[in-house]
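Asker: Residue numbers for the sequence shown, in my numbering: 1 to 92.
These are calculated hints, taken from the structure and not from any lab test. Since we're looking at a predicted model, the values are computed, not measured. Just so it is clear, CB atoms sit at the ideal spot from N, CA and C, and this is done for glycine as well. Please note that a few of the clues may not be correct.
[Said to hold, decoys possible] With beta-carbon atoms standing in for the labels, derived distance ranges:
| # | residue 1 | residue 2 | range |
| --- | --- | --- | --- |
| 1 | Leu-7 | Thr-33 | 42 to 50 Å |
| 2 | Ala-67 | Ala-27 | 43 to 51 Å |
| 3 | Ala-82 | Ile-16 | 53 to 61 Å |
| 4 | Ala-66 | Leu-37 | 40 to 48 Å |
| 5 | Ala-87 | Ala-65 | 21 to 29 Å |
| 6 | Asp-3 | Gly-23 | 43 to 51 Å |
| 7 | Ala-17 | Leu-55 | 15 to 23 Å |
| 8 | Ile-16 | Met-62 | 16 to 24 Å |
| 9 | Ile-16 | Arg-60 | 16 to 24 Å |
| 10 | Ala-87 | Glu-63 | 41 to 49 Å |
| 11 | Ala-51 | Ala-85 | 53 to 61 Å |
| 12 | Arg-60 | Pro-88 | 29 to 37 Å |
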Amino acid sequence: MSDRGFLFLFSIFMIIASLGAAGWLVANGQAATVDGLFLVLTALLTALVFALYVLFVVHRAMEAAAAPATQPAKAGAAPAPAKPAPAPVAQQ
1 MSDRGFLFLF
11 SIFMIIASLG
21 AAGWLVANGQ
31 AATVDGLFLV
41 LTALLTALVF
51 ALYVLFVVHR
61 AMEAAAAPAT
71 QPAKAGAAPA
81 PAKPAPAPVA
91 QQ
């Protein structure tokens, strides 16, 4: 597995784990305390950071997939050669 694939899967896992931790704190009633509130905010911030990374990776993958489609239809046609530079005149 490539590094990008591993990081993508790890990010998905971290998003699910962070949202699960925040949900668990709310379900237990611990989010009503000051410490619990900060734990919920930390878990949600962690989920947000990893979600932004996932969105970035998906956006880059979509750009890479769209790039070959914008090439000209005649890929075999070579561009016109540039005009050759004039030969310098020898001075005597």
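Asker: Does each hint hold? Answer for all of them.
Answerer: Outcome of the hint check:
Distance hint check: the CB atoms of Leu-7 and Thr-33 are about 34 Å apart, inconsistent with the given range 42 to 50 Å. Between Ala-67 and Ala-27 the CB atoms are about 45 Å apart, so this pair conforms to the stated range of 43 to 51 Å. Here the CB-CB span from Ala-82 to Ile-16 is close to 56 Å, well matched to the stated 53 to 61 Å. For Ala-66 paired with Leu-37, a C-beta distance near 43 Å keeps the hint of 40 to 48 Å intact.
Roughly 47 Å separates the CB atoms of Ala-87 and Ala-65, a value that falls outside the hinted 21 to 29 Å. Checked against the hint of 43 to 51 Å, the pair Asp-3 and Gly-23 fails, with Cβ atoms roughly 30 Å apart. The hinted range of 15 to 23 Å is satisfied by Ala-17 and Leu-55, whose Cβ atoms lie roughly 18 Å apart. For Ile-16 paired with Met-62, a C-beta distance near 23 Å keeps the hint of 16 to 24 Å intact.
In this structure, Ile-16 and Arg-60 meet the distance hint of 16 to 24 Å, their C-beta atoms being roughly 22 Å apart. For the hinted restraint 41 to 49 Å between Ala-87 and Glu-63, the CB-CB distance of approximately 45 Å keeps it satisfied. Separation of Ala-51 from Ala-85 is about 55 Å and conforms to the stated range, judged on CB atoms against 53 to 61 Å. Between Arg-60 and Pro-88 the C-beta distance comes to about 48 Å, which lies outside the given range of 29 to 37 Å.
When the structure is compared with the earlier hints, violations turn up for hints 1, 5, 6, 12 and for no others.
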